[in-house]
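*Asks:* Chains as they are written, first to last, in the working numbering: chain A, 7 to 296; chain B, 229 to 484.
Careful, some of the hints might be misleading.
Unchecked claim - From the derived model, a few chain B residues whose C-beta atoms are all more than 12 angstroms from chain A: (1) E259; (2) G297; (3) R341; (4) Q475.
Unchecked claim - Taking lysine to any residue pairs in the SDA-like style, the calculated list, with each CA pair at most 20 angstroms apart, reads: (5) A:K146 / B:T315; (6) A:K159 / B:S331; (7) A:K159 / B:R314; (8) B:K367 / A:Q166; (9) A:K179 / A:T97; (10) A:K159 / B:V457; (11) A:K159 / B:M330.
Since the hints were derived computationally from the structure, they do not count as laboratory data. Just so you know, even glycine gets a beta-carbon here, dropped at the ideal spot from N, CA and C.
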Amino acid sequence: MSDYNFAYLDEQTKRMIRRAILKGLAIPGYQVPFASREMPMPYGWGTGGVQVSAATLTPDDTFKVIDQGADDTTNAVSIRKFFERTANVATTEETDKADVIQTRHRIPEAVLREDQILVYQVPIPEPLRFLEPRETETRKMHALEEYGLMHVKLYEDISQHGAISTSYAYPVKVEGRYVMDPSPIPKFDNPKMDMPAIQLFGAGREQRIYAVPPYTKIVSLDFEDYPFEASKADHACDLCAAKDSYLDEVILDDQGNRMFVCSDTDYCRSRRAAGHVGRLGTKNQLEASA
Amino acid sequence: MTPLLQVQGIRKTYGSFVGCTDVSFDLYPGEVMGIVGESGSGKSTLLNCLAGHLPPDQGEVVFDTLADGPVDTVTMSEPERRMLSRTDWAFVHQHARDGLRMSVSAGGNIGERLMAVGDRHYGNIRERAIDWLGRVEIKEDRVDDRPSAFSGGMQQRLQIARNLVTGPRLVFMDEPTGGLDVSVQARLLDLLRGLVREMGLSAIIVTHDLAVVRLLADRLMVMKDGHVVETGLTDQVLDDPQHAYTQLLVSSVLQV
Chain A
7 MSDYNFAYLD
17 EQTKRMIRRA
27 ILKGLAIPGY
37 QVPFASREMP
47 MPYGWGTGGV
57 QVSAATLTPD
67 DTFKVIDQGA
77 DDTTNAVSIR
87 KFFERTANVA
97 TTEETDKADV
107 IQTRHRIPEA
117 VLREDQILVY
127 QVPIPEPLRF
137 LEPRETETRK
147 MHALEEYGLM
157 HVKLYEDISQ
167 HGAISTSYAY
177 PVKVEGRYVM
187 DPSPIPKFDN
197 PKMDMPAIQL
207 FGAGREQRIY
217 AVPPYTKIVS
227 LDFEDYPFEA
237 SKADHACDLC
247 AAKDSYLDEV
257 ILDDQGNRMF
267 VCSDTDYCRS
277 RRAAGHVGRL
287 GTKNQLEASA
Chain B
229 MTPLLQVQGI
239 RKTYGSFVGC
249 TDVSFDLYPG
259 EVMGIVGESG
269 SGKSTLLNCL
279 AGHLPPDQGE
289 VVFDTLADGP
299 VDTVTMSEPE
309 RRMLSRTDWA
319 FVHQHARDGL
329 RMSVSAGGNI
339 GERLMAVGDR
349 HYGNIRERAI
359 DWLGRVEIKE
369 DRVDDRPSAF
379 SGGMQQRLQI
389 ARNLVTGPRL
399 VFMDEPTGGL
409 DVSVQARLLD
419 LLRGLVREMG
429 LSAIIVTHDL
439 AVVRLLADRL
449 MVMKDGHVVE
459 TGLTDQVLDD
469 PQHAYTQLLV
479 SSVLQV
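Extracted from the complex, chain B is given alone in its bound form (with noise of 0.2 angstroms):
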């Protein structure tokens, strides 16, 4: 089976500051992969090379795409890459005001999508937003009002909708919980879960919470200062850790 996702070398500096380096891996249809670190550690510099909203230092993120087959994505040209980041690709923020137009309702939000991909019915692209929304949870009469006044759980759950609506194949996602109460994670997660698994969505999450990776990641990037420290199957990183850094974000969770 050809990777989704082949990395290769990705190194990234801010001058003299070492943001990410040496960092490989593959990533199957399919898989989900949790990419966890102190804050700091890159994991987030990492992430937005992957997705293209920085360009690498060095190295190579090769896609599988529809069309060509794999391609390295850094040194595609931008229309391509731009047009792969609203297709195949989906990035939900930690923070849903920087992934939402807070001034266009819900169903716009959802709809951006189908309409910069070419759909020009109404009728259409609302039916879809409508069939998302109940997708993410949000009542079909909240389909008009604007994200700001919706909660923090709504915009991100929102946020995950807008996102999916066209199918993508692979979703970066910075700290999606983050900033949530315990409660509302909780349905987020769930939801995630459900998701990726319905449509059999390749991820990548970056976060420091070690409870969305044990209940989403199939396998776990451990990074400290740049570097990739320690890489397994979720539970076997979180259950037997290697690394003294492993050792000790895993030693460092609260237990209630």
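Looking at chain A on its own, in the form it has when it is part of the complex (with noise of 0.2 angstroms):
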């Protein structure tokens, strides 16, 4: 443990890192510039929320890392792992106990508290990018809030599938200004961006750190004909039965057979243990499984 500056940043840098939230936060949806370091992981597995949740950090906090809603999947283990031996943190899967929550991909279903932080790992800041690849001229659309051109990308889903087909990393509107890439979260998730926690959005290779105050106001994109949509699979969980959570489609075999459950693992596992059984779940599935 002594090997390392508590959270594995040193010090200037997590100040660094903090002047950029700050400034993020000051500006909602604006991507601000930071020097992003060299992080003992692949770019594309969450460097910059590693470095957002490292300067956000401190000895007395409990942290949570969701990867796809799963606590279990490999880059949310690793993470977890690295804080648990960088910074001695307390850990825990209970998105009710956490104080800081890394997420990729995910929104937690549970609403968060005010006291809380959500740090997203996002793999490309700009919204613009693919239909301008100059960052100049992105970052001038930016600031002349010339955002035509993001309907533009709708107006062609609509023109080749009949309905706005983006379904992850869905383009909103931050505070009436700045357009914003809300990371690759389903847009089941978009509504949700209004909560009372802090978010916090990463991006270690591209070097942008962007913020959403609470309470602040999210629109998504859409046409007046063509309204935005919070789109789900249309099935209850199997294995809780929830109704209102983002679901997983999980392949049983070969002759059809597949299943849906909560991508949010938390979320289903207390729903389990408070006696909710779906469709292939069981009563003791818990105990069972334990």
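Two chains, each in its own frame: build the complex with the hints.
*Replies:* Structure, rendered in structure tokens:
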């Protein structure tokens, strides 16, 4: 433990990142450049999120990491272990008990509180990138609020698929000003972004940090005649019978059988513990798996 | 009548090399002005200065805006200039791929300017895109195809539709027929002439093709080495050239 400074990064670096975070909070949705450090993991594995988490964690915080909603996937386990070792902080899988939650591709189902921080891992922070490759131009478009191009993408969706088929990383307008990429969360999660917790976004490779303060107005872009829809699979969870949570589809065999389960593992677990049973669940499933 | 565009003493140099210098003219509403000259004579530099793509070193470009009357576009703020260039102005590039988004469908290309000025109704945008495809003689069923699947002439026509959809008052064209074969050129010119007359557009057309200006332009400006050497009505300049260079230019056209 003494081999590392608290939370791996040195204090100067953490101060630099905190300054970027504060600037991001002051200008909701604006991408603040920061001097991203080399982290002991490959780009694309959450280097941005890890740096933001390292800069926000304090020794008495409890830390939770989810990857696609799950606490037990490789990415989540590795990052949790990383901070257990380098920061010696308490970790949890329960959303309710966590102070800082680092996430990849999901917002937890449980409603977050004012004293919690949600840290997103962001691969490509620029929502206009695939339409306009020049960084100089996209910066100018943000500065001058020229966001017509974002609707060109949605237009293309409708003309090709008959509906807005963008289902993740769905662009949003923050507090009536900046258009922001909410990281690759499903669009089902977009309405949840107007929340009491602080949301921080870290893109390590692209060296950008942006933020959404609590209770900020987030509007998903759409057309008057094709309004935004927060879609999910039209099923209930097969383990906990939840109808309101985002579901993963799991292929069971090559006979076409499949099941839908909550992507938020903690939400599913707590519902099963409270006695909810889905189509394929059993009463004593928790004891059986334990 | 107030001129739509008043150009006063435009000069642009690249280091010690003069791009264009001492260019002044007025353009009135509904008028089409041709700028001809050989390669390197500064006509594209001039056009880019006028359209706000390049900052001129000296001079002013006063445009008669709808809201505030005549305003110098060189000194106006960038957001205002960019707003102008997607509402009242249009720019047709020589190469359609410079003016089109090649990865976006034809309908999306036409709709972009509408969405940029705040149209948020998919049905309306699509209807206007299809209407404009018809006006530039592209079949309605190509609306969802990408421009990369179009022929050169179609790409150029699509670029024109994309530019004219917001009803601009001034169109800048840089060699609009360059790189097209003659029969396609003829159709494009016919189309352009129709649109310009029908919409009452003012236009500035840069070209080295004298046939283009003969068909489209009311007035002509001949440039050589960055200077304007002769101006006048198109027929007058082409039929009775005064300056030695203009005489050379006119006599260089092959007769078939």
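*Asks:* Look at each hint and say if it fits the structure.
*Replies:* Each hint, compared with the structure:
no., hint, in the structure
1, E259, "30 angstroms, holds"
2, G297, "23 angstroms, holds"
3, R341, "8 angstroms, violated"
4, Q475, "44 angstroms, holds"
5, A:K146 / B:T315, "18 angstroms, holds"
6, A:K159 / B:S331, "10 angstroms, holds"
7, A:K159 / B:R314, "18 angstroms, holds"
8, B:K367 / A:Q166, "17 angstroms, holds"
9, A:K179 / A:T97, "33 angstroms, violated"
10, A:K159 / B:V457, "47 angstroms, violated"
11, A:K159 / B:M330, "13 angstroms, holds"
The structure fails hints 3, 9 and 10 (numbered hints given earlier, in ascending order).
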